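Student: Sequence:
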Amino acid sequence: MKNIPLQVNIEGQDSFVDTDWLAIMATLKKRGLEQDELASLYLELTSGMRVTTRGLSLAKLNTNT
1 MKNIPLQVNI EGQDSFVDTD WLAIMATLKK RGLEQDELAS LYLELTSGMR
51 VTTRGLSLAK LNTNT
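Heads up: the sequence shown begins at 1 in full-length UniProt numbering, then just goes up one per residue.
Among these hints, one or two may not hold up.
Said to hold, decoys possible - The list that follows gives simulated cross-link-like pairs (lysine-lysine, DSS-like), each with its CA atoms no further than 30 Å apart:
| no. | residue 1 | residue 2 |
| --- | --- | --- |
| 1 | LYS29 | LYS60 |
| 2 | LYS2 | LYS60 |
| 3 | LYS29 | LYS2 |
| 4 | LYS30 | LYS60 |
| 5 | LYS30 | LYS2 |
Just so you know, these hints were derived from the structure itself, not from any lab. In this text, all values refer to a predicted model and were calculated from it rather than measured experimentally.
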């Protein structure tokens, strides 16, 4: 899995944070996601989907300007 830029929102809050896949992957591992679940989540994000899991809403950050 390559590192990708992400936009993350904590459920119930209005603010967003820009981060990356490696940082979020470490957080999700601590919250109990297994490797196969992380791989599935990564594929969904790289396909352009917005994904909500473990209290976080994640979306791939479009860096094309």
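Student: Confirm or reject each hint.
Tutor: Hints, verified against the model:
no.	hint	verdict
1	LYS29 x LYS60	holds, 19 Å
2	LYS2 x LYS60	holds, 12 Å
3	LYS29 x LYS2	holds, 17 Å
4	LYS30 x LYS60	holds, 21 Å
5	LYS30 x LYS2	holds, 20 Å
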